[in-house]
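All chains, please: the whole structure from these sequences, using the hints.
Protein chains in written order, with the numbering used here: chain A, 1 to 401; chain B, 1 to 401.
Among the clues, some could well be false.
Identical chains blur together in the list; that is why a pair holds if it fits in one copy or across any two.
[Claimed, not checked] Simulated crosslink set (EDC-like; lysine to aspartate or glutamate; CA at most 20 Å straight-line):
1. Lys290 x Glu323
2. Lys53 x Glu329
3. Lys53 x Glu323
4. Lys17 x Glu116
5. Lys334 x Glu111
6. Lys5 x Glu32
7. Lys77 x Asp349
8. Lys17 x Asp309
Bear in mind the hints are in silico, worked out from the structure with no lab data behind them. Predicted, not measured: the structure shown is a model, and the values here were computed from it.
There are 2 protein chains.
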Amino acid sequence: MKPIKGVNIATANCGIKFKNRDDLLLVTFDTEANVAGVFTSSSMPAAPITWCKNNIKHGTAKALIVNAGNANAFTGKAGEVAVFKTAEKISECLPCDTSQIFISSTGVIGEPLKYELITAAIPHLIENLNNDEESWSKASKAIMTTDTKPKFISKTCKILDKDITLTGFAKGSGMIQPNMATMLGYIFCDANISSQALSVILKEINEDSFNAITVDSDQSTNDTVLLFATKASNHAFIDNAHDDNLADFKKALKEIMLHLAKMIVVDGEGATKLIEITVKGAENKIQAKKVAFSIGNSPLVKTAIAGCDPNWGRIVMAVGKSEVASCPETLIVKIGDYQLTQNGAKHPDYNEDAVHEYLKNDKVTITIDLGVHPHEDSKQATIWTCDLNDGNIKINKDYRS
Amino acid sequence: MKPIKGVNIATANCGIKFKNRDDLLLVTFDTEANVAGVFTSSSMPAAPITWCKNNIKHGTAKALIVNAGNANAFTGKAGEVAVFKTAEKISECLPCDTSQIFISSTGVIGEPLKYELITAAIPHLIENLNNDEESWSKASKAIMTTDTKPKFISKTCKILDKDITLTGFAKGSGMIQPNMATMLGYIFCDANISSQALSVILKEINEDSFNAITVDSDQSTNDTVLLFATKASNHAFIDNAHDDNLADFKKALKEIMLHLAKMIVVDGEGATKLIEITVKGAENKIQAKKVAFSIGNSPLVKTAIAGCDPNWGRIVMAVGKSEVASCPETLIVKIGDYQLTQNGAKHPDYNEDAVHEYLKNDKVTITIDLGVHPHEDSKQATIWTCDLNDGNIKINKDYRS
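Listed below in structure tokens is the structure:
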């Protein structure tokens, strides 16, 4: 992980839930960073989500604080107080305006957050801020809940001949994390791009990365992705998301977000395989994605793949139930390079043994051609999911008991 | 199971898949029965679905044939031929018009159906038609696939002072049955009601029974419910679904359909609990049902209940992701009689141990009051589902391997 100029990091164990590991992360910025964010669309958003959605409008950040072990979701007025007290403490110590402080929480829903543990730790965190590789590594670990490994990546790119560094880390094992809830992702860079432009770019790439994964079809009350730009690389300010000089930056950012998104899927509880599902020939991208998620969220498809069973009839079933226009005659289903269907029936050359062997791989691709519309990028979508295994059930069934 | 006047039944093993058990059911009617049906909304309907949807328009039935072990779904032209050859054989042997023959298949998707095995068995079936209790019992077993037990029920009611008998049987372990696919339900009665009226009544009750259950969120290519009326009770013909004289009949039919629907859920693979979810205070019934299914299809809610874990934050999460208008402040979540939430947070009297004990029951109720609209029947919905256990994964993962 490459440190980003203008960013300072500290982690600590504040005792909210975990023992013997850090569960609190503070990030501060030397100067105001420009910031963009995307958040859960849940109608039951956690208190820090409501807070961040308000602050993101201003577009600048001086600090980010994240706790693991408690989601501060469905905690009523007490949850709002916890967020405000945390922001107030940081704003006093740094100092900065509370509107420049971003807050995330991840963990169990409905339990009051003992914010005093957080506010008590803040002065200590501020004294220990650092920007070396070790601090970044600790940051990616402090936000983990049921994750089995930290998820991070760095990339470099050019904007206007200046070298730009991007580093991102994330946590989560699905749309919602079975034990603790929440997907969180943070990307930092030293580019000098306006928050409006960052927001446009983040939302667009998010649709094809974090918004294109599913582990269990459940959406968290706390999902958050934040993109910070410290401006420390000193290239000429860019305000337009469609500026040609951002091409390399967008490519790097997409690689980062896609990498983190796939890492989350691979770390889905009990998962043994990454499943990539591409749907082509739909009316538009939204319809293609709907079909892809219908397959990717089908427990029957996911258990079949867990068992390396080429039970492709379940894929046809999932296309059929998706409520997207399609018909058997034009539907082509592929697993890997094997074409399974033709003219509304099993392909004459279908070789079940070969597909069974293919399904033993760690990565499996499913390609659907609805055959309803021509092949164009704007009419297709790709999503990622994992298989559904007994391990997932065990983890979720035994939680807290 | 009470035999219905005017109905004849025979079963046989025709060898499509199962050995040592009947896998083929033929039902014939002494005179034309009036018939209504509801079918899967899948865009990949099985060949017998397309056949039945055409025939149901005529409204009369002389025969019903059902095979277990092969769904005849996604079988292209060959599937259509299989259906036609089957109908042709029955129409020759009975004799009757092919438009009066209803056909269902359940089993694996995408495998050609060896219809010759069925047509060869038809003369033998016709020779052995019977209407005793044993035949009805055999009928309910011949259509089973992964079902662990047959599902049937009889009721009596009055129409215009005549005694009416209704008997229904069904198969399935969910929206789709993991191993074999398909929910099938057949209800027979000796009432004298027009097919148009039967259709209106069937569709209405279906919304609150078979269309209000989920095991795994997957919808079959073959789902079918058929309601036959033999007219043998000789009451005055009723053509209007809203005729007051049908009140007792509707009540009995609803009890039958609800009973069969719940039996399907209880028999869901690996299921140990029946979960009843009621959502009140929505804008309308459709919105209420959407929230109920968001909870009932959440793997995280279902695994928590499997583990008797009162992890109600997951219920809040499922309400939040349902895309139905709601807000934390007015949301009331109950498990059994225990109120868990108030004012957007955990209820002050919440007793986790008590709810944990309650969740050890075989039947669990979850009641949601969105608090968005007043309590009225038209603004609420109830659905049924089962818990999600390792057993379900094992059954589906190991299929065919």
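Here is how each hint holds up against the structure:
Taking the shortest alpha-carbon separations for Lys290 and Glu323, both the intra-copy value of 8 Å and the inter-copy value of 15 Å come in at or below 20 Å. For the homomeric pair Lys53 and Glu329, the shortest alpha-carbon distance between copies (19 Å) is at most 20 Å, but the shortest distance inside one copy (46 Å) is not. Taking identical chains as interchangeable, the C-alpha atoms of Lys53 and Glu323 lie at most 20 Å apart only when they sit on different chains, with a minimum of 19 Å there against 32 Å within one chain. Taking the shortest alpha-carbon separations for Lys17 and Glu116, only the intra-copy value of 13 Å comes in at or below 20 Å, while the best inter-copy value is 65 Å.
Taking identical chains as interchangeable, the C-alpha atoms of Lys334 and Glu111 lie at most 20 Å apart only when they sit on different chains, with a minimum of 17 Å there against 46 Å within one chain. Taking CA atoms no more than 20 Å apart as the test, Lys5 paired with Glu32 passes inside one copy only; the shortest distance there is 13 Å, against 83 Å between copies. When the C-alpha separation of Lys77 and Asp349 is checked against a cutoff of 20 Å, the pair qualifies only between copies, where the shortest distance is 17 Å, while the shortest distance within a copy is 63 Å. Proximity of Lys17 to Asp309 under the C-alpha cut-off of 20 Å is restricted to the inter-copy arrangement: shortest distance 18 Å between copies versus 40 Å within a copy.
Going through the hint list in order, the structure satisfies each hint without exception.
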